[in-house]
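Student: Read off the chains here:
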Amino acid sequence: MDILKFITAGSVDDGKSTLIGRLLYDTNSVLDDQLEAIKKANRKNNDGTVDLAILTDGLKAEREQGITIDVAYKYFQTERRKFIIADAPGHIQYTRNMVTGASNSDLIVILVDARKGVIEQTKRHSFLAKLLSMKKVLVCVNKMDMVDYDQQVFTNIKADYEQLADRLGLENVDYIPVSALKGDNIVHKSVRMTWFEGEALLDYLEKVEFPEAKLSKGWRFPVQWVVRPQTEDLHDYRGYAGRVLGSGLRVGEEVIILPSGVQSIVDRIEINQQAFTEAENGQSVIVHLSTDVDISRGDTIISAAHPTHSDRSFEANISWFDSKPLDTAQLYLLQHHSKTVKIKVPEVLYKYDVNTQEQHYGSDIKLNDIGKVFIKAADEIPFDLQVDFPENGRAIIIDPRTNITVGAITIEQVA
Amino acid sequence: MDYLDHLEAEAIYILREVAGQFENPALLFSGGKDSITLVHLAKKAFRPGKFPFPLVHIDTGHNFPETISFRDQLVAELGEQLIVGYVQDSIDQGKVVEQTGKNASRNALQTVTLLDTIEQYGFDACIGGARRDEEKARAKERIFSVRDEFGQWDPKRQRPELWNILNGKINKGENVRVFPISNWTELDVWNYIKRENIALPSIYFSHQRDVVLRNGQWMAAAPFLQIDGTDTVDHKSVRFRTVGDMTCTAAVDSEAVELDDIIEEIRSSTISERGARLDDKVSEAAMEERKKQGYF
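Residue numbers (my numbering), protein chains in the order written: chain F, 1 to 415; chain C, 1 to 296.
No lab work stands behind these hints: they were computed from the structure. Please note that the accuracy of each hint is not assured.
Stated by the list, open to error - Derived lysine-lysine pairs resembling DSBU-like cross-links, with alpha carbons at most 35 Å apart: (1) Lys376(F) - Lys169(C); (2) Lys324(F) - Lys156(C); (3) Lys43(C) - Lys217(F); (4) Lys172(C) - Lys135(F); (5) Lys169(C) - Lys5(F); (6) Lys44(C) - Lys207(F); (7) Lys50(C) - Lys344(F); (8) Lys194(C) - Lys123(F); (9) Lys156(C) - Lys366(F); (10) Lys136(F) - Lys95(C); (11) Lys5(F) - Lys123(F); (12) Lys372(F) - Lys156(C); (13) Lys156(C) - Lys342(F); (14) Lys324(F) - Lys172(C); (15) Lys372(F) - Lys172(C); (16) Lys135(F) - Lys194(C); (17) Lys366(F) - Lys172(C); (18) Lys156(C) - Lys5(F); (19) Lys236(C) - Lys5(F); (20) Lys366(F) - Lys169(C); (21) Lys136(F) - Lys5(F); (22) Lys156(C) - Lys116(F); (23) Lys217(F) - Lys172(C); (24) Lys169(C) - Lys344(F); (25) Lys50(C) - Lys5(F); (26) Lys172(C) - Lys207(F); (27) Lys324(F) - Lys169(C); (28) Lys376(F) - Lys156(C); (29) Lys44(C) - Lys5(F); (30) Lys194(C) - Lys130(F); (31) Lys217(F) - Lys116(F); (32) Lys43(C) - Lys342(F); (33) Lys50(C) - Lys135(F); (34) Lys376(F) - Lys172(C); (35) Lys342(F) - Lys194(C); (36) Lys43(C) - Lys5(F); (37) Lys169(C) - Lys135(F); (38) Lys136(F) - Lys44(C); (39) Lys156(C) - Lys136(F); (40) Lys344(F) - Lys172(C).
Since the structure is predicted, the reported quantities are computational estimates derived from the model, not experimental observations.
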């Protein structure tokens with residue numbers, strides 16, 4: 001069994017919370033006392049059935065207003081997979097929450113209202129999916145019950161979306177017609193849409209696999225912590241603890257330590273005090289090197305065969321989360337894995353209109369804006385371009401005056 | 001990687017970020033299965049080195065004796081430091097007033113003792129075993145969750161948390177609650193306990209016990225529980241699904257004596273884990289309100 005993380009994008013009106021509620025409800029992931037609490041809350045649909053949307057509304061204000069403010073994480077599992085759903089609000093003023101939820105997902109489910117088709121919001125969500133390099137997009141055409149389960153409606157929307165995907169350069173898009181409210185093609189194949197030959201949503205989610213990375217770019221190992229017991233019997237023990245990004249980290253391999261550029265060789269890999277010859281992508285391990293080198297948190301060990309960039313300036317797409325606009329004169333902090341450096345963002349190259357994807361020049365980057373900027377760092381950062389090695393091409397921006405996370409970047413170009 | 005390997009690797013990563021980013025962290029240890037799992041994960045993250053944090057237990061004075069003896073034995077085996085904050089001390093100092101009546105519980109008082117302990121030792125990060133699947137307010141909590149000077153959680157001012165990059169920068173007076181097993185479900189924890197062969201206090205397994213019926217739930221008949229002629233006392237085969245203090249944790253009827261039995265029981269259960277927690281039943285937003293005050 002493995003894990004699939006996905007995000008659902010859409011607004012209140014698209015029936016997003018109902019869709020998630022339906023998935024949880026129909027996979028028996030809602031238990032009696034939770035249902036009882038829902039019944040107590042007494043929120044009903046027009047036809048008298050229980051409003052499943054309430055399952056995902058976690059905060060008091062959200063229940064009172066019937067809206068989703070923040071990202072909520074929901075869990076369910078089947079025999080095949082464990083699922084983690086990031087439920088994020090779809091309105092433009094919550095772009096930051098969508099970006100947050102999407103950053104923690106492999107797949108994005110974009111809901112389209114069958115009556116409305118591809119609208120501005122659909123375009124915005126799709127654009128964000130492209131910017132964040134989502135591995136896969138699933139378009140669910142919802143509310144098919146409101147259009148008499150008409151195949152033509154679905155076919156038209158699909159054709160419209162294909163055009164959009166083409167324009168954005170989105171690959172790996174799939175389509176399912178559903179009714180979250182009535183349960184069509186969610187967990188069970190719909191008997192009212194026999195014309196649809198694909199799988200129901202749950203079946204799809206259980207089986208979907210992601211395209212392999214284009215080619216191996218080696219691995220990167222940001223050091224989080226140095227394990228030094230300093231006991232008598234482990235006097236010389238010096239292990240570098242971290243989580244592997246990428247594949248191919250093995251004993252005997254030649255490595256470079258950044259930023260110092262010192263070279264060494266992997267001497268031992270340990271997990272839970274046992275020795276391994278190799279470590280996989282995503283594993284938390286301890287690495288020992290054959291020579292005595294000075295390494296501390298914030299340094300990155302990389303394979304000598306696959307060097308990263310190690311630069312102080314680059315161009316990046318930026319997503320802004322703070323109510324105070326980006327200040328091109330101010331000092332910020334950039335956190336890239338375990339390394340934090342001072343940066344300036346001296347130049348906004350352009351801002352995107354997230355609805356039309358047009359580039360606007362000479363504008364400020366404000367709350368919920370997305371744009372492209374030039375960044376200058378006080379130290380070298382061992383990064384990759386997002387397009388080459390996504391896991392090593394991202395970072396967050398912190399305002400040192402408030403310590404709040406004010407933005408996120410994906411590195412697009414060496415400047 | 002298997003899903004448990006993935007969850008484990010993520011939790012170890014988070015624990016190491018705590019070690020790397022904070023000056024004076026602590027691991028909040030309740031003696032329950034989630035915090036015992038955290039200790040196991042900390043061993044994987046830091047051994048053969050020592051833990052870069054002490055274990056901190058907030059003792060209500062109404063804990064199950066089995067939990068306390070388990071705690072002491074575990075700490076002795078680990079060779080790590082244990083700090084205990086006593087709710088009784090907060091009561092004696094007049095900082096909190098004990099509830100009276102039949103449903104009296106010290107659950108709510110713990111928050112004051114916890115915040116005092118954090119302040120006394122100057123902890124800047126407290127690692128906890130809370131999970132997002134437990135409760136809907138928790139579903140929205142970050143992995144690094146910032147608390148203000150008064151220990152309060154403000155759900156509307158949470159920092160965005162992107163990818164696996166965790167921002168542990170805080171202002172003076174603030175501290176962070178860290179939840180390494182946020183993405184685990186109850187079943188994941190049990191499957192992991194089984195796979196890793198982690199020892200647990202005996203009360204998690206079926207045993208014979210005197211229980212009192214309170215508000216439709218079976219409570220352990222403890223000496224400090226007010227029992228009178230109107231109460232139904234029974235002797236039953238029960239186990240505890242969560243382990244809080246004895247005044248707020250109800251028993252469930254169970255014959256599950258092995259881990260496999262428990263896993264099967266949870267799989268087929270129609271009641272959620274916190275369904276046996278009286279502290280959550282107070283209102284629809286009971287957890288959210290307590291979290292805002294500074295609860296775990």
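Student: Output the numbers, in ascending order, of every earlier hint that fails for this structure.
Tutor: 4, 7, 8, 10, 19, 23, 26, 30, 31, 33, 35
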